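Construct all of the structure, not just a fragment, from the sequences and the given hints.
Take the sequence shown: its position 273, counting from 1, is numbered 291 in my numbering, and each next residue is one higher.
Where hints are given, some of them may not hold.
What the hints assert, rightly or not - Between beta-carbon pairs, the in silico distance windows are:
#, residue 1, residue 2, range
1, S221, K242, 23 to 31 Å
2, N134, R240, 27 to 35 Å
3, D227, D192, 14 to 22 Å
4, E237, D182, 41 to 49 Å
Since the hints were derived computationally from the structure, they do not count as laboratory data.
Quick caveat: nothing in here was measured; it's all calculated off a predicted structure.
We put the beta carbon where it would ideally sit given N, CA and C, even for glycine.
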Amino acid sequence: MKKTIIALLLTGLLAGCGANGNNSSKDSSSSATKSSKVASKTKKDSDSKKASSSSSAAASSSSSVASSSSATTSTGNHYNDVTAAAKKQVGEQWLPSRISSSAKYVNATASGSSSNSVVKFYGGNNAVDLNDSSLQGTADFTLTKKTYGSTAAAAAAINWIDSDSTLPTVNLGDNQIATKEGAAGSTYLHWNEGNWSITVQASNQANQDPTALGKQLVEIFRTKSLPAPTTHGAAQFNMNAASGLQSISWNSGATVYVLTGSSAIATAESAVR
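Pasting the structure below:
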């Protein structure tokens with residue numbers, strides 16, 4: 019009987035130990051599973067943070083590139099800086115609002131005073147400061163300013179020509195009629211537009227006809243305006259392209275401005291606004 023009771027007690031103890039062992043195993047397995055999930059979540063969070071950090075860095079880099087690109091001096095911005103510097107050098111005065119040039123940048127030199135000055139414009143691949151030592155040689159455009167003793171004296175310095183009604187006429191379009199005259203190996207096309215006297219010269223030796231250029235100029239002046247002279251303005255264009263052959267001059271009170279260039283169209287486009 020005692021043996022039987024002892025056997026039953028041993029069986030119960032073993033069963034209890036087995037149950038506890040199984041629960042412990044389950045708890046251990048559950049703990050391992052939880053740890054695995056936590057580790058997996060931690061890794062995902064870490065990967066997500068890395069991806070986010072990488073994305074932020076890429077965005078920052080992209081923003082930096084965009085900022086660098088937008089900070090690059092464009093022709094217009096650089097030209098504004100150059101003309102502002104020129105006015106500090108020679109005083110407040112008329113300057114072209116833009117320079118007609120195919121160059122990437124327009125640079126300039128300025129000398130003189132508020133009464134008499136010379137501003138030269140150079141097209142180039144690099145933007146440089148006003149009066150940079152690299153700006154030498156023949157300029158693309160030159161603007162001179164000269165102050166006279168009176169408005170009358172300034173007006174007298176302008177080569178203004180009145181139209182001659184006895185000469186043959188040419189229709190340049192936009193209701194603009196010009197006179198045409200041959201003299202000394204050249205053919206001259208001339209017309210008056212407001213206070214402006216405009217002349218186009220062509221070479222007879224080179225069989226040039228000034229009519230086509232005249233029509234181009236009328237089209238430019240139809241949509242944009244030359245400076246408003248106090249008394250008179252005179253624009254003289256030549257079908258040959260050479261430095262100084264194109265000249266646009268006008269008076270502003272006692273001051274005379276003269277813009278010269280080598281290309282008729284480019285000089286006209288640089289003078290208008």
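Against the structure, the hints come out as follows:
| no. | hint | verdict |
| --- | --- | --- |
| 1 | S221 - K242: 23 to 31 Å | 28 Å, holds |
| 2 | N134 - R240: 27 to 35 Å | 34 Å, holds |
| 3 | D227 - D192: 14 to 22 Å | 19 Å, holds |
| 4 | E237 - D182: 41 to 49 Å | 24 Å, violated |
Violated hint for the displayed structure: number 4, the only one.
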